Amino acid sequence: MKFRNMATLALCGVLSLAASPVLAAKERPVRLTMTTQYMDRHPIVQKVFKPWIEEVKKRTGGRVLITLYNPNTLCPEGEILDAVLKGQVDIGQHFCARNPGRMPLNTVIGKIPMTVSSCQAGALGYWNLWHDSPELQAEYKGLHVLGLHTTAACQVHTKNKPVATLDDLASLRLLGASKDTMVIINALGLNGIMQPMTDMYLAMSRNMGDAAMVPVGTLRSYKINESTKHTLLFHGIMGSCWFAMNEAKWNSLPPDVQQVLTETTGEAISMALGRALDDGEKEDRVLLEKEGHTFSDLAPDERMRWRERIQPALKASWLEEIEKSGLADPDALYAKATEAMERAETALTGKQGG
976 MKFRNMATLA
986 LCGVLSLAAS
996 PVLAAKERPV
1006 RLTMTTQYMD
1016 RHPIVQKVFK
1026 PWIEEVKKRT
1036 GGRVLITLYN
1046 PNTLCPEGEI
1056 LDAVLKGQVD
1066 IGQHFCARNP
1076 GRMPLNTVIG
1086 KIPMTVSSCQ
1096 AGALGYWNLW
1106 HDSPELQAEY
1116 KGLHVLGLHT
1126 TAACQVHTKN
1136 KPVATLDDLA
1146 SLRLLGASKD
1156 TMVIINALGL
1166 NGIMQPMTDM
1176 YLAMSRNMGD
1186 AAMVPVGTLR
1196 SYKINESTKH
1206 TLLFHGIMGS
1216 CWFAMNEAKW
1226 NSLPPDVQQV
1236 LTETTGEAIS
1246 MALGRALDDG
1256 EKEDRVLLEK
1266 EGHTFSDLAP
1276 DERMRWRERI
1286 QPALKASWLE
1296 EIEKSGLADP
1306 DALYAKATEA
1316 MERAETALTG
1326 KQGG
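In my numbering, each residue's number is its place in the sequence shown (first place is 1) plus 975.
Derived by calculation from the structure, the hints in this document are not laboratory data.
Small disclaimer: the values here were computed from a predicted structure and weren't measured.
Where a beta carbon is used, it is the ideal one built from N, C-alpha and C, also for glycine.
Treat the hints with care, as some may be off.
To be verified - Label pairs and their calculated CB-CB ranges: (1) Q1112 - A1243: 11 to 21 angstroms; (2) K1061 - D1143: 44 to 54 angstroms; (3) K1033 - D1142: 50 to 60 angstroms; (4) M1014 - A1243: 20 to 30 angstroms; (5) D1276 - V1005: 54 to 64 angstroms; (6) Q1234 - E1266: 44 to 54 angstroms.
Unchecked claim - Cross-link-like lysine-lysine pairs, in silico, PhoX-like; alpha carbons within 20 angstroms at most: (7) K1311 - K1290; (8) K1134 - K1265; (9) K1022 - K1033; (10) K1032 - K1022.
Using the sequences provided together with the hints, build the complete structure.
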């Protein structure tokens, strides 16, 4: 009997030792890496990503630990998409147009001008469109989408005097930093000069430009505000942005962890991302106004004049870009995207058109 008890105890001990690595593995936290296009001081990082990381940690009882890295640390900033797809980074965020030709259908959001008046409305419109469009979802193959949002809209900033109409801008040299911005400038019949945003301050200080078409939030970041003193708000284009996890990594997570991530992302985090950009722009505007910077809105009749010129040009540019995509009815997708953005604007403001 004594021998049998000892044998039983020995067997229990062996089983315990055999099981201990499994138990330890279960208790070991899931560690995820994350990087985005934004530095850690950016409003999106401070108001959305960092609180979200803490919320995930709290809801999982510390089982999921996400470490956020600044751009150009885990991988070059321009390679975030590939790094996430390859599993080198678990979670990423970036601007769709940063990788030309990779997500051409999703860039339709940036080809619908003067439709929404806030990044929050842009995020809602983009999320709803993507959620209801298999062709857009297909471009995110290899990723599990956590959220979608837009960039801030481009506005017109002038050096010497405020402007209100196209006639006021006719004699000015207008700097633009992207292909789409140049499409807008050309469609309006203005004098455009392509200039990287990082070089605009120097160009304007050397009198190589009289105005710039960039988002309000970039003025202080790139010191453009030291040359420009007046802003005309026309709510031009907004680029599309993604926030996603490597799909294989997502599939490897326990169901309860997936549930927590699902509950804390989607439409809610998309809207939060847009709201953070809007709040950041409001804060920048307050600081600029204290420095004597003026802001004015495009009048309704002038707005219609601008949109009638810009919208067909941007649509034509997008149709050319997606020509090789094989999409059966691009006009239908463009109309659907326009409707999604208009519905989002109406839902948030009660008005139609940005």
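- Message: Assuming the hint says 54 to 64 angstroms, is it satisfied by the Cβ distance from D1276 to V1005 or not?
- Response: holds (56 angstroms)
- Query: Under the criterion that the straight-line Cα-Cα distance not exceed 20 angstroms, is the pair K1134, K1265 satisfied?
  - Reply: holds (17 angstroms)
- Are K1033 and D1142 spaced within 50 to 60 angstroms by their CB atoms? Given range 50 to 60 angstroms: holds, Cβ gap about 56 angstroms.
- Item | Whether the CB-CB distance between Q1112 and A1243 falls inside 11 to 21 angstroms | holds (19 angstroms)
- Message: Against the 20 angstroms threshold, does the CA-CA distance of K1311 and K1290 hold or violate the hint?
- Response: Satisfied, since the Cα-Cα distance of roughly 13 angstroms is no more than 20 angstroms.
- Query: Does the hinted range 44 to 54 angstroms hold for Q1234 and E1266 at CB?
  - Reply: holds (48 angstroms)
- Query: Taken at face value, is the distance from the CA of K1033 to the CA of K1022 at most 20 angstroms?
  - Reply: Holds, because 17 angstroms separates the two Cα atoms, which is no more than 20 angstroms.
- Query: Holds or violated: K1032 with K1022, Cα cutoff 20 angstroms?
  - Reply: holds (16 angstroms)
- Message: Between the beta carbons of K1061 and D1143, is the distance compatible with 44 to 54 angstroms?
- Response: Cβ of K1061 to Cβ of D1143: about 50 angstroms, so the range 44 to 54 angstroms holds.
- Message: A range of 20 to 30 angstroms was offered for this pair. Does it hold for the Cβ distance of M1014 and A1243?
- Response: The hinted range 20 to 30 angstroms holds for M1014 and A1243, with Cβ atoms some 24 angstroms apart.
Of the numbered hints given earlier, the model fails none.
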